[in-house]
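Student: Residue strings, one per chain:
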Amino acid sequence: MGYTLGQLAKQLNAKVKGDKSCLISRAATLTQADSTAICYVEQAKHVKQFSTTKAAAIVLTEELAAICPKNALIVKKPRLAFAKLLQILYPFKKPKHTLHPTAVIGEGCQIDPEAVIGANVVIGDGVKIGAGTYINANVTIYPHCEIGERTLIHAGAVIGADGFGFETDSDGSWVKVLQIGRVKVGDDVEIGANTTIDRGALDDTVIGNGVKLDNQIMIGHNTIIGDHTVIAGCTAIAGSVNIGQHCLIGGDCSIGDHVMIKDRVMLTGGAMVTKSIKTPGIYSSGTGLMSRRDWQKSVVRFRQLDTIYQRLRELEEKNRE
Amino acid sequence: MGYTLGQLAKQLNAKVKGDKSCLISRAATLTQADSTAICYVEQAKHVKQFSTTKAAAIVLTEELAAICPKNALIVKKPRLAFAKLLQILYPFKKPKHTLHPTAVIGEGCQIDPEAVIGANVVIGDGVKIGAGTYINANVTIYPHCEIGERTLIHAGAVIGADGFGFETDSDGSWVKVLQIGRVKVGDDVEIGANTTIDRGALDDTVIGNGVKLDNQIMIGHNTIIGDHTVIAGCTAIAGSVNIGQHCLIGGDCSIGDHVMIKDRVMLTGGAMVTKSIKTPGIYSSGTGLMSRRDWQKSVVRFRQLDTIYQRLRELEEKNRE
Amino acid sequence: MGYTLGQLAKQLNAKVKGDKSCLISRAATLTQADSTAICYVEQAKHVKQFSTTKAAAIVLTEELAAICPKNALIVKKPRLAFAKLLQILYPFKKPKHTLHPTAVIGEGCQIDPEAVIGANVVIGDGVKIGAGTYINANVTIYPHCEIGERTLIHAGAVIGADGFGFETDSDGSWVKVLQIGRVKVGDDVEIGANTTIDRGALDDTVIGNGVKLDNQIMIGHNTIIGDHTVIAGCTAIAGSVNIGQHCLIGGDCSIGDHVMIKDRVMLTGGAMVTKSIKTPGIYSSGTGLMSRRDWQKSVVRFRQLDTIYQRLRELEEKNRE
Chain E
1 MGYTLGQLAK QLNAKVKGDK SCLISRAATL TQADSTAICY VEQAKHVKQF STTKAAAIVL
61 TEELAAICPK NALIVKKPRL AFAKLLQILY PFKKPKHTLH PTAVIGEGCQ IDPEAVIGAN
121 VVIGDGVKIG AGTYINANVT IYPHCEIGER TLIHAGAVIG ADGFGFETDS DGSWVKVLQI
181 GRVKVGDDVE IGANTTIDRG ALDDTVIGNG VKLDNQIMIG HNTIIGDHTV IAGCTAIAGS
241 VNIGQHCLIG GDCSIGDHVM IKDRVMLTGG AMVTKSIKTP GIYSSGTGLM SRRDWQKSVV
301 RFRQLDTIYQ RLRELEEKNR E
Chain Z
1 MGYTLGQLAK QLNAKVKGDK SCLISRAATL TQADSTAICY VEQAKHVKQF STTKAAAIVL
61 TEELAAICPK NALIVKKPRL AFAKLLQILY PFKKPKHTLH PTAVIGEGCQ IDPEAVIGAN
121 VVIGDGVKIG AGTYINANVT IYPHCEIGER TLIHAGAVIG ADGFGFETDS DGSWVKVLQI
181 GRVKVGDDVE IGANTTIDRG ALDDTVIGNG VKLDNQIMIG HNTIIGDHTV IAGCTAIAGS
241 VNIGQHCLIG GDCSIGDHVM IKDRVMLTGG AMVTKSIKTP GIYSSGTGLM SRRDWQKSVV
301 RFRQLDTIYQ RLRELEEKNR E
Chain L
1 MGYTLGQLAK QLNAKVKGDK SCLISRAATL TQADSTAICY VEQAKHVKQF STTKAAAIVL
61 TEELAAICPK NALIVKKPRL AFAKLLQILY PFKKPKHTLH PTAVIGEGCQ IDPEAVIGAN
121 VVIGDGVKIG AGTYINANVT IYPHCEIGER TLIHAGAVIG ADGFGFETDS DGSWVKVLQI
181 GRVKVGDDVE IGANTTIDRG ALDDTVIGNG VKLDNQIMIG HNTIIGDHTV IAGCTAIAGS
241 VNIGQHCLIG GDCSIGDHVM IKDRVMLTGG AMVTKSIKTP GIYSSGTGLM SRRDWQKSVV
301 RFRQLDTIYQ RLRELEEKNR E
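Chains as they are written, first to last, in the working numbering: chain E, 1 to 321; chain Z, 1 to 321; chain L, 1 to 321.
These aren't lab readings, by the way, just hints derived from the structure by calculation.
Incorrect hints may have been included.
[Claimed, not checked] Calculated lysine-lysine pairs in the PhoX-like style (CA-CA distance at most 20 Å, straight line): (1) E/Lys297 - Z/Lys275; (2) Z/Lys275 - E/Lys176; (3) E/Lys176 - Z/Lys94.
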């Protein structure tokens, strides 16, 4: 079982250095590799492991191949080639049940026969699910939501729960604003474990094609995420947010409601967005990490910052005289 | 199917402007409305859409109605009226199963026959659930918890898991402090998808009447949330916290343990509370968002804030001489 | 039913003050205790409740016992003794089903007959679960993950979903990097409700022995958590992080990828870690909480911090002349 290095090279459009007939049956890190494994190296700092790894072959650039004593697949982008190689070595295996007998499916659903619905998944009435889409265990999809093709939803995700909308009544209690919109998820999307995407209030919440969402992300009602945007874990996005295409949103960010974020904006982890971002670029928030003792001092001064500034101005005035 | 504008006006105690016999069968935004739809407008900035919307009628104030060429329902609070109107247009439909056959119910539970228990819900022994309460799919309720009437719990929520309590043993390992309290959830509460509320250590964790909790909120053991308080998504609340009534807590806040928060306090998104808040008002935390390059400079200076302050004082001394 | 104070003292290696034959059948707080309940007091501030509590007995130190008019169990560490006492008073009851009939178990699993698998749990192929481990309702464990002995996993947790790995293709879309590693969870671990632990990309994600994880924690692929480390709720840990042993990580922290954290480091709630921590100690982040009005002023000045610093330096130069 497995492939020769030559066969893999052909499929990846790569050049072989060394033994074309060398047999590859798995992928591994340099440390864990045995004589049947292929690895990849993209950074020069890993070169020192060339002498100790037991790997059968390594995917790397022309430049690094020159100093590598191992069999090699030479490519321009080793990690990209390795990602494609993994898909060859570990092909998708259709599960025994494409519609697991414990899944609960509502009335009037259109579920493509080429979709896979996992154990204990609950799907509401009128849901549409496209071909090649894979819904893992314990996912809940509320009524009338639509999921595209080749989309992967991880366990525990909840698609289409009510958006968070209330209005104060005269007695101070809250009246629920019924949420009658849907969630529409595009093609080639990935949605992480326990991520929640709320249905729209009137219009829909929309996740574009090729969007990748990590675990425990929260997406509020009527938010729109542009194609190919990537969002890391635990990021909280409020309602009616509009995020552009090809954005890179770090983990644990928080994005306030009605914010608009342009294409190709990057947010570093923990960024807190309360106003629209109209210029592509990299944005950040936070104070960084400090020892608690020093931090306590800085926090006191942060409270006084405006006073500090005013006192500085007064001094400047004095010194100008 | 549907209602005449006149019928809706009567139910909402509103005034009609225009055609009382006009037929309404759905609600929509100004943009998506067709000739069977009713919309609402609360802010003057939407007035420009009056000429383009295809809506049959609009809910608005006396003031805006004066310049609206459409059929209108005139009320004092358009969004509140619209919320009530949605409940008329989209009445609750009892599902086929009020107790879904895949739900797992423990022994000695008291579940009101007027409650709805969704698919794959798991309910532990001795749980009480009131009339009109709706538990969505894949929710877990641990033993002996109590849920009031007309409460809505969204998919994936976990009520009554163990609070987080451990004590170091002599060998440095952790001894579990068994969590024998319960969770008591009041009437008219909403609990969002994948939100978790831990059971009390000895006494109970208590969620008051009319409380609204968004998705992915964490509430620690023995915390008490006062009536009609609203908490937005991803907010993390530690143990033994006491939050008053009618508070508005933004998304992604974090509230440390044993904190006491007065009635009618408002926290903006991302606020970090480590001490009790004894005065009603609006509170905030964080640095705001900056370009990464500028942020990096500010962060360096944040670390030096106390030194900066001391140097400023020295200069002031000098200038006083 | 219950124990005499003398019996409990023997099991806890404690000294009795007062009536050895006094009967104890439950544990409670000082406020909620009745004449069958035992309480504990560790802090002097609770002494004033000695006169009002109806408790049968109190666990406390020699020092506090001297001023306590009640029956008492005298120990060095009251909370630790009380934790052990709870385990005596409320012994583990094996549920009717150790493998709940609604649980879905994959092929080739090795589940110890002394493990408990709850309702609607979904376990993938080739999973190993050790003796005494308890998996609560609605948990999902992906294929080939390994869980040790006496480990407790709360409802809704997801173990072994795909790590978040993608590589840009030439057309700007994302190619999935298949995640073929596993999750290995040690012995005596606790994993909170809706916590997610991703499988490794090539190597494994590893949770050490005695680790305690609260609810809604996110742990990225290939992260390693050292033995006996405790992490509070909603903390987000990215991929390839290495956290040492006996660390105390507060709630709602965020830890960036490839960060290394030494043994016995403590992070206060909300700490944001982007670089490795090489020295044991206590670390913090954030601005603290302010009234919104004052905070807005400080935030403006935070943006100007570097300029403020430069202006201070100029003034200092002037004053040096």
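Student: Check the structure against each numbered hint from earlier and tell me which ones fail, lowest number first.
Tutor: 2
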